[in-house]
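Chains as they are written, first to last, in the working numbering: chain A, 361 to 1013; chain B, 30 to 335.
Simulated from the structure, these hints should not be mistaken for laboratory data. Given the structure is predicted, the values throughout are model-derived calculations rather than measurements. Among the hints, a few may not be true.
[To be verified] Which bits of chain A does chain B cover? Going by a derived footprint, with three or more residues having C-beta under 8 Å, they are:
hint, region
1, 915-926
2, 933-943
3, 961-968
Ideal placement from N, C-alpha and C gives every residue a C-beta, glycine not left out.
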Amino acid sequence: MSFHPTMPYGTEGWHRSMRATLPEGPEFTFSAETRATFEEFAAHYAPEHRKSAVLHALYLAQEQQGYISNNVTRHVAEVIGCTTADVEDVVSYYVMFHRNPVGKYVLQVCTTLSCALAGAERVVEALEHKLGIKAGETDPTGMFTIQQMECLGACDRAPVVMVNNDHWHEHLAPEACGALVDQMTTEGLKALSGCHLAIEGRPESEWKGKTTTPVKPKAVPDYEAVLTKFAFTPGGAEFDHYVKNQAGYEGLKKALAMTPDAVIEDVKKSGLRGRGGAGFPTGLKWQFVDKKSPKPKFIVCNADESEPGTFKDHLLMERNPHLLVEGCLIGCYAIGSKAAYIYIRGEFYHLFPAMQKAIDDARKAGFVGKNILGSGFDCEVYLHRGAGAYEAGEETALLESLEGKRAQPRFKPPFPAIEGAWGCPTAVNNVETLCNVPLVMTRGAEWFAALGPEKNGGPKMFCVSGAVKRPGVFEAPMKVTLKELIYDYAGGPLDGHTLKAVIPGGSSVPILLPDQLDIPASFDDVQRAGSLLGSAAIIALDDTTDMVWLADNLLHFYRHESCGKCTPCREGTDWLYRILHRMMNGQATEKDIALLGSVANQINGKTLCAFGDAAATPVLTTLKLFKPEYEAYVTGTQPKPAAYRGKTTVETH
Amino acid sequence: MRPDEISFRLPPPAAAIPARPPEPVPTMVPLTIDGRAVEMPAGSTLLDACKTLDITVPTLCYLETLTPVNACRVCVVEVEGARVLAPACSRQVESGMVVKTRSPRVDLSRKVVLELLGSSVDLSTAPGLAEMMVEYGARPERFQESLGSASSVSSVAQPVKIDNDLYVRDYGKCVLCYKCVEACGTDAQHTFAIAVAGRGFHAHISTELDVPLPDSACVYCGNCIAVCPTGALMATPEFELRQAGAWRPETQAVTDTICPYCGVGCTLTVHVQDQQIVKVTSPFDNDVTRGNLCVKGRFGFEYVNK
Ligand SMILES: Cc1cc2nc3c(=O)[nH]c(=O)nc-3n(C[C@H](O)[C@H](O)[C@H](O)COP(=O)(O)O)c2cc1C
Ligand code: SF4
Ligand code: SF4
Ligand code: SF4
Ligand code: FES
Ligand code: FES
Chain A
361 MSFHPTMPYG
371 TEGWHRSMRA
381 TLPEGPEFTF
391 SAETRATFEE
401 FAAHYAPEHR
411 KSAVLHALYL
421 AQEQQGYISN
431 NVTRHVAEVI
441 GCTTADVEDV
451 VSYYVMFHRN
461 PVGKYVLQVC
471 TTLSCALAGA
481 ERVVEALEHK
491 LGIKAGETDP
501 TGMFTIQQME
511 CLGACDRAPV
521 VMVNNDHWHE
531 HLAPEACGAL
541 VDQMTTEGLK
551 ALSGCHLAIE
561 GRPESEWKGK
571 TTTPVKPKAV
581 PDYEAVLTKF
591 AFTPGGAEFD
601 HYVKNQAGYE
611 GLKKALAMTP
621 DAVIEDVKKS
631 GLRGRGGAGF
641 PTGLKWQFVD
651 KKSPKPKFIV
661 CNADESEPGT
671 FKDHLLMERN
681 PHLLVEGCLI
691 GCYAIGSKAA
701 YIYIRGEFYH
711 LFPAMQKAID
721 DARKAGFVGK
731 NILGSGFDCE
741 VYLHRGAGAY
751 EAGEETALLE
761 SLEGKRAQPR
771 FKPPFPAIEG
781 AWGCPTAVNN
791 VETLCNVPLV
801 MTRGAEWFAA
811 LGPEKNGGPK
821 MFCVSGAVKR
831 PGVFEAPMKV
841 TLKELIYDYA
851 GGPLDGHTLK
861 AVIPGGSSVP
871 ILLPDQLDIP
881 ASFDDVQRAG
891 SLLGSAAIIA
901 LDDTTDMVWL
911 ADNLLHFYRH
921 ESCGKCTPCR
931 EGTDWLYRIL
941 HRMMNGQATE
951 KDIALLGSVA
961 NQINGKTLCA
971 FGDAAATPVL
981 TTLKLFKPEY
991 EAYVTGTQPK
1001 PAAYRGKTTV
1011 ETH
Chain B
30 MRPDEISFRL
40 PPPAAAIPAR
50 PPEPVPTMVP
60 LTIDGRAVEM
70 PAGSTLLDAC
80 KTLDITVPTL
90 CYLETLTPVN
100 ACRVCVVEVE
110 GARVLAPACS
120 RQVESGMVVK
130 TRSPRVDLSR
140 KVVLELLGSS
150 VDLSTAPGLA
160 EMMVEYGARP
170 ERFQESLGSA
180 SSVSSVAQPV
190 KIDNDLYVRD
200 YGKCVLCYKC
210 VEACGTDAQH
220 TFAIAVAGRG
230 FHAHISTELD
240 VPLPDSACVY
250 CGNCIAVCPT
260 GALMATPEFE
270 LRQAGAWRPE
280 TQAVTDTICP
290 YCGVGCTLTV
300 HVQDQQIVKV
310 TSPFDNDVTR
320 GNLCVKGRFG
330 FEYVNK
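Using the sequences plus the hints, can you model the full thing?
Written out as structure tokens, the structure is:
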């Protein structure tokens, strides 16, 4: 059976726009205090780009009233100065806004691949059973709401649950759900184990012994961690510690003594490639920025981290925020920009104050603001918060979202380097990419290039999740092999199981088989093996994994996250999911396998943005490598589902 | 420090009024389309080039008066050396490009786009689409057949929205081309009465919070009707005639005239059937009005019919 409910297609009068009438809600205006907070934030954008602050206004409204009623939408439109329709199209796009009153605690359960491999589907069922409601509903006492979420970027602590957009519980076993609900009823949020402890701002006594801190990277004999060296040291994220132990802001000083072009030249020489997915050379990207344009230029840092299986940027921002701030500053200097915007995904709510503190500390020391270190270089770093949309990670969709619109991509060319944020030349860089820039400055381009295989230099963060003993983030040069990452770093498959397949770079890339893993985990080597390094999110699949189930799980994700702008992806992901769903429910025929392949092929390479290719991949790659499993579903001879995944109801609580 | 201080400062205005810049001489870009050489001014699109050569490329979400949104993907063509197909409506010409407007890949892609649209949308009143379906051999039914359901394209059917006297909205026919949103917004009307709501498969055109049109910001200019390629938005007289089976475009006299209401003097194209005005449009190639009208010109013809 497919875990996901059947969509009500085909019934008379069903339409994609159908939804329950939204509540008008009571009269709503921002309190004077909230309004002031908002205006302060809105000042981060030029007055003519006030709409950019719309997501922030909606968050504030949700904090004040608990949900976004129609009256809230109207008030926000008034505050921003646009029509209600213009705000509604934003509210209805992002998942983090509640359109109806919700319970005191909204249990937001991740059910995407890594969490589902650890039993997240059973967690939802257990919660449903305990509370006597379905996902999406609120229990009669008004205490709990269950919301099903897509990857929350904490896949190493699977299954994870986020509560009220800001609190976390990790490793929630289905059997433990009942007890957790009971405990929350009496103790409230204190019952949660936490997940990103360094900055959730809670006293140690509350979480001690409950949570697993991230696994420390295994010491590699001839490699010394540079990005995460102090990630596990108390106080390692503080400004003073950064300056003292990581040659903090020395890179910026060095850069300011050089010409911007020389900085770009150095970055080019280092061979630094984008860590966000595509592996495009960063120096080249900066060089393409249209310097002759009279318009302002921008660095936009992509901290949307939402490719299923990826959780590295979070760690960097949480444990080494100054490295990112410094990277942004150097980037701005190199491309002639005076402001960087860091776009943080909405689910990383708690990173916001932490990053803001880092920026403020840097400002106190004179590294941010006007006339930095007396060099005449002015630069500001601003934060921008997303609101739950995977597609917002695509660079042009990110810019749209930064401008306060729906995260739907733009056609390229023109590339952001020519026309980006607010029509100005912009470089969009991933968090990890920018974090590498200070290292290039302080340690030199040669050191950086020599760390890895040719054209794949520098340190790299690898996220390993799924069916391994020690999931976590590991820093290593790209010489390390996929096999070492899975077996040595992450401890290998669980006892009694063998590795069946590996997704090496996030859910959007083709699967590799166990005999293909003895290759360096570099952009080029993984590509030669027929897959992509992507965001270096390695998801291990063991012998219990049903590949049709996997495709069904991922297509639920892609259908849910498609922005809906272009035809092949909007309609195609829906059809793929529909067919897979039928297959899981034992209703599919031989013809459906062919149809599945043909629809997937028709999305691949035919869409406006690369999302289409990503969405088709799980189907194409499983069809190619595991076709017999599909055939088994059609003939009704599929193997008994394994462990957690097979049960349709939970037996123990 | 505020962003307007540090990042948005435009160069100071010149002290004197600068001399008029010389007329730009467009650089011509040579390229080959379907084996024929053509030179186009830099900045033109592949679609412009095709028009110059009289090569037809189907479009759905493109209109010369609107910003291309790149949504429908029926206009794709093959550019030699590129991994993916390029949308002709927005891809700009580049020197030495070799383009094929028909190839097995292109045809297949168009076919599937039409099938996908047809699988969820009622395309019966979209001019030209039936012919296009035949030309590309698109069979939307093949999806439904696989699901074993007899109904052809009913998965997104919904009742027609009739909430005012001037026009109806039948979103069961909407292909989400974004044209109406653009026409109501920044490309013409600047009223922003309608927008896209929802995301992915659930994206749909909606007034603010789904209120009936009379409660929305709509001023009934009808510019959205003018650009709609599917008949999802339709003026009431046409809708009622179609309901009665009495809509006969082949019998209609089409005459250009000047709007009688105000001094702007927009061109009206009046469609007359059985001595009655049944529809008013305006030519898109008019440099001043670009197909747009206001409520009076578009709908104010009842007094003639009386
Ligand atoms: C559907 C989609 C989702 C993406 N999501 C992310 C993301 O979450 N984080 C990220 O850094 N890049 C993401 N990217 C890649 C960005 O488009 C872009 O290439 C990247 O931010 C560029 O930064 P880099 O050169 O430093 O890698 C995504 C791309 C696509 C097509
Ligand atoms: S492929 Fe199309 S529908 Fe899908 S996310 Fe990209 S633009 Fe949106
Ligand atoms: S009639 Fe005019 S104002 Fe009303 S929705 Fe259409 S374009 Fe907008
Ligand atoms: S209503 Fe018409 S113009 Fe508007 S998106 Fe739908 S098909 Fe396009
Ligand atoms: S956090 Fe659940 S899959 Fe990533
Ligand atoms: S006409 Fe070009 S994408 Fe629609």
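Quick rundown of the hints versus the structure:
| no. | hint | result |
| --- | --- | --- |
| 1 | 915-926 | holds (count 8) |
| 2 | 933-943 | holds (count 6) |
| 3 | 961-968 | holds (count 5) |
Violated hints for the displayed structure: none, as all numbered hints are satisfied.
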